[in-house]
Amino acid sequence: TQLLEQSPQFLSIQEGENLTVYCNSSSVFSSLQWYRQEPGEGPVLLVTVVTGGEVKKLKRLTFQFGDARKDSSLHITAAQPGDTGLYLCAGQLLSGKLIFGQGTTLQVKP
Amino acid sequence: NAGVTQTPKFQVLKTGQSMTLQCAQDMNHEYMSWYRQDPGMGLRLIHYSVGAGITDQGEVPNGYNVSRSTTEDFPLRLLSAAPSQTSVYFCASSYSLPGGTDTQYFGPGTRLTVL
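Quick mapping for you: the protein sequence lines, in order, are chains A and B.
Add 1 to the 1-based position in the first sequence for the working numbering, that's all there is to it.
Add 645 to the 1-based position in the second sequence for the working numbering, that's all there is to it.
Chain A with its partners taken away, still in its complex shape (with noise of 0.2 Å):
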């Protein structure tokens, strides 16, 4: 069974705090993405990572990719509370198949 293991799986801290996510599997990726997605809608999509190693910046938000491609991670600077929201990460496997973490629920407290 192919895993992907996101943690923490509850995350509240107060505006201006730092924040990292992690996305863990002993599969690996041929890319991995990561998602928003806000109550009452659908996942929009971040980022996509496809090379080992590569890191990529939206604004606050820095999104790495591990050097064996089988783990992730987002870090967010500052947050504010629009970050609020469940942080998603999905992995392609080598097969085609798109498997999902648990989701990571964040509460960015004013």
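Check before you lean on any hint, since a few could be wrong.
From the derived model, a few chain B residues whose C-beta atoms are all more than 10 Å from chain A [what the hints assert, rightly or not]:
id, residue
1, Gly-661
2, Gly-685
3, Ile-699
4, Asp-718
5, Arg-722
6, Tyr-740
7, Thr-758
Chain A side only, calculated, beta carbon under 8 Å to chain B, not exhaustive [stated by the list, open to error]:
id, residue
8, Gln-34
9, Glu-42
10, Gly-43
11, Thr-52
12, Leu-89
13, Gly-97
14, Phe-101
15, Gly-102
16, Gln-103
17, Gly-104
The set of hints was computed from the structure by calculation and includes no laboratory data.
Built from N, CA and C at the ideal position, the CB exists for glycine as well.
Given chain A, work out where chain B should sit, using these hints.
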């Protein structure tokens, strides 16, 4: 562009009832997928389609049927609803295989409760 639309937004069924969840996209995407989302379990693939007339099973297909008669529409049918099918259902579409460099677009979801 409306993107991916889903109806209904909410539905309550009794055990044993059948219903169809509607999904449509206006982006001319070949790939369409149905997922269910349950607390602590992320998104799990139910069925998917790589083009009109072609469908295949995903990770959790039991109790669900799909068809793809047009590029735009991909309905999901629950044949005999069970409480275990209580979930939020998302339809998604993309130009190519989800997870690659193309963006997969999700609909707003249908929240289904089976009593």
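Subject >> Status of the Glu-42(A) interface restraint (C-beta, 8 Å, chain B) >> reply: holds, 6 Å
Subject >> Restraint outcome when Gln-34(A) is required to lie within 8 Å of chain B by C-beta distance >> reply: holds, 6 Å
**OP:** Test the statement that Asp-718(B) is away from the interface with chain A: the closest C-beta pair must be farther apart than 10 Å.
**Re:** At roughly 17 Å from the nearest Cβ of chain A, Asp-718(B) sits farther out than 10 Å, so the non-interface label holds.
**OP:** Under 8 Å, Cβ to Cβ, is where Gly-102(A) needs to be relative to chain B, so tell me if that hint holds or is violated.
**Re:** This interface hint holds because 5 Å falls under the 8 Å limit.
Original post:
In terms of Cβ atoms, is chain A entirely out of 10 Å range of Gly-685(B)?
Top reply: violated, 5 Å
Subject >> Distal placement of Thr-758(B) relative to chain A, Cβ over 10 Å >> reply: holds, 15 Å
Original post:
Under the criterion of a CB-CB separation shorter than 8 Å, is Leu-89(A) in contact with chain B as hinted?
Top reply: holds, 6 Å
**OP:** Check the non-interface label on Gly-661(B): least C-beta distance to chain A beyond 10 Å or not.
**Re:** holds, 28 Å
Subject >> Hint check: 8 Å Cβ-Cβ cutoff, Gly-43(A) to chain B >> reply: Holds - the Cβ of Gly-43(A) comes within 8 Å of chain B, reaching about 3 Å at its closest.
Original post:
Under the criterion of a CB-CB separation shorter than 8 Å, is Phe-101(A) in contact with chain B as hinted?
Top reply: With a closest approach of 4 Å, the Phe-101(A) hint holds.
Original post:
Beyond 10 Å from every Cβ of chain A: is that where the Cβ of Arg-722(B) lies?
Top reply: At about 20 Å from chain A, Arg-722(B) clears the 10 Å cut-off, so the statement holds.
Subject >> Assertion that Tyr-740(B) lies farther than 10 Å from chain A (Cβ) >> reply: Tyr-740(B) is indeed farther than 10 Å from all Cβ atoms of chain A, at 13 Å.
Hints 2, 11 from the list above are not met by this structure, while the remaining hints are.
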